[in-house]
Amino acid sequence: MLTDAMGLILADNERIRLGKIDEPRSLAAVPFAGRHRIIDFTLSNMVNSGIRRVGIVALTRYKSLMDHTGTGSWWDLDRIRQGLFMIPPYVNMTTRRPDRTDSQSIIDYVESGHQEYVIISGSEFVASMSYLPLLDAHLANGADMTMLCVREKDKYSAPAVTIDVDESGRVTDVLVDHPLPKSDLRAVSLVVLKRDLLLEILQDRMARGYSDFSALNLLRLYDLLTVRTLIHDGLLFRITNIAQYFNASMALLNDEARHQLFSEEYPIYTKVKNRAPCLVTPESLTLRNVLASDGCMIQGNVENSVLSRGVVIGRGAQVRNSVLFQDVQISEGVTLDHVIIDKNVVIKMGVRLLGQDDYPIVIEKNAIV
Amino acid sequence: MAKQDTIAMILAGGQGSRLGALTDYVAKPAVPFGSRYRIIDFPLSNCMNSGIETVGVLTQYQPLELNSYIGNGHSWDLDRNSGGTFILPPYVRQAGSTWYKGTANSIYQNIPFIDSYQPRYVLILSGDHIYKMNYAKMAAWHESKGAEATIAVIEVPWEEAPRFGIMNTDENSRVVEFEEKPAKPKNNLASMGVYCFTWESLREALIKDEQNPDSRNDFGANVIPGMIDEGKGVFAYRFDGYWKDVGTVFSLWEANMDLLERPDVMDLRDEMFPVFSRNYQQPSHYFGENCRISNVAVTDGAELYGDVENSIISSNVIVEEGAVVKDSILMPNTYISAGVRLERCIVGMDTLLEPNVRATPDEPDGTENFRDKLCSNGITVFGPNLIIREGLALKGNSMVWPNDAVRVPELVAERYPSWRKEMGQC
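As you go down the protein sequences, you meet chains U and V in turn. Just so you know, the working numbering puts 254 at position 254 of the first sequence, and the rest follows in order with no gaps. Add 369 to a position in the second sequence, counting from 1, and you land on the number used in the working numbering.
Looking at chain U on its own, in the form it has when it is part of the complex (with noise of 0.2 Å):
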């Protein structure tokens, strides 16, 4: 069953820092859940709505996210007609000179592609759903454009897109990062519309020498088209900043939220690394309420934690609430509470590392503590 879409995946978002980690990477290649990146949830989505096209739109420091991708085989895009797009921008061809025109390789790999619609999803948001709903509602409303959106329930955290909406569902008002928002939907970078229409708004900003391009920039034409929204209330996690990331990675510990995010219904590909069973050794005392990925050698406590691929803890040493990327090396008698430690890390012997709840402490990618 192939659905008349093409994919476009935005991977970077220049509104949004999450502390240390998008650094060294764009957000869609940012780890999440233990073995998997944030990338992996929307092109698992956009493969399990029937997608077989699918561009990502990388701006910088994209080897990462590249590394990632590969040739798209995990998510079955490795085709010989359609498949994976990497984009990156061109340099400008008249002055030879860097300067940014991203939206000119987007318009030459919409131009390619003969779908009748386009699905543009950011990065800024972990779900597990199928993108069918969001076109079926966008068929169904005659509308230029349909946004997904929800409903925030906890409190408010900047950077955040509210939108404002009529009684017929049409978006009246759209407020960036404003500090008293009116109403509680905020948007989700997740948009449909035709390809056609895409492509003369793209032109469009091109002649009016407008040359970057986010989802952002498609809600504020609306009130030039109409712009509808589908409001999403499954489980949806926005991450547009360090607290979020923080929170979320929590959530992925409770059982329901867990199941819902890792379905058998829209399975979450990413990339296979083939490392060696997870070892638990006696030496490990507590370990409880804890995600953990291949590779990984537990000989402390840890608790309340997502490890990544090939984290080892050391005898003796205490990991509570905190979430530590690929390879990062805890040794012995060590204590980490509230801490975000990316990839490589080396954190050495008797080290106390205490972040807290609402601001965790962040360690960038190779560093020795």
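If you're looking for bench data, these hints aren't it; they were derived computationally from the structure. No residue lacks a Cβ here, since even glycine has one placed at the ideal position from N, Cα and C. If a hint is listed, it holds; no wrong ones were tucked in.
No more than 30 Å apart at the CA atoms, straight line, and that leaves these computed lysine-lysine pairs for BS3-like: (1) V/K695 x V/K742; (2) V/K601 x V/K506; (3) U/K271 x V/K501; (4) U/K273 x V/K501; (5) V/K514 x V/K501; (6) V/K506 x U/K273; (7) U/K273 x V/K613; (8) U/K63 x U/K348; (9) V/K553 x V/K742; (10) V/K372 x V/K501; (11) U/K20 x U/K365; (12) V/K695 x V/K501.
Residues from chain V that keep clear of chain U, each with C-beta distances beyond 10 Å, as calculated: (13) R387; (14) E524; (15) R543; (16) E723; (17) R758.
Position chain V relative to chain U; hints supplied.
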């Protein structure tokens, strides 16, 4: 076809009947091993790590699971435009057809396949041993000796030597005599079932063997002794790493436990010589709020809420809170309910144990009705795709077969409906 210097042929057609219920509907090489692996991952990964790029896998017994597991060899980087992985089942010819009559006959029937690559050397490997070996080193040694056949051998304890094919060699490592399971061994160098042949010599020997109506067409019993008798250059190549034949329930259990007890000799974490497997893409595994875990290997998709000690846990295994699992192997997608107590058990793929099932070597009030001579050392095997009904208690050395769903339906049922009932095989 592009010439390949060395190609490998993996013998994966055997039933592995001594594993009983575990190979009831999969071939032995497809039996899960060591949490993330299947047995055949070891020879396939060895090929990958040895730079061998063309591999033929000879299948015959229950090949469905094995074929779909291997696919095009992508998981071991063995999908190539030139060469790659080939599943080679027996096939029908104009002049009639035969099943693979023996290990040598299976290679004989595939002479055209091997010829098409014009290799200098052909490796013949078993699909049922656990070991990490660089075949390139062996082939180089073979070449340096000017050998026609090289047999990898490993020192085994003297008391175990009568279970193996024993090589008697001269001071130059040349094999002067081959004894299959000798009662009084003169030597403790056992054949590992890993052979390197000069293709020209092997081709000739296979054709000759096929013409002999009395031959069992077996490498160990016929082809290699024949080459030794004819004075061909047959050499023994000593291997001193970890090697284990997992042909019996006890040896399969032991080899799994070796991953926990002896990680120094069977190191799966060595990134210079990794073992790859087909990965079915599950989320990270989860350790629950009240679990107690000690000395356990565990992998993707597993969720452990109970007590697990000294055990091998495969992907998607669930152990509920209140279950106790000790010294056991849980194969992929098994479900262990609350109140279950297991000790020295192997639970086959997809099997569900209902609450309070108990299987320990000396289970009080445990039934002996499932005792099976294939099981020893107190080990109990639950076959694949079964539901074991609430409260069933077994003494050690028991085996629950898929067929028990018909024999004792009040105690055992099939978990997922299968074609087996309609085919009368269950």
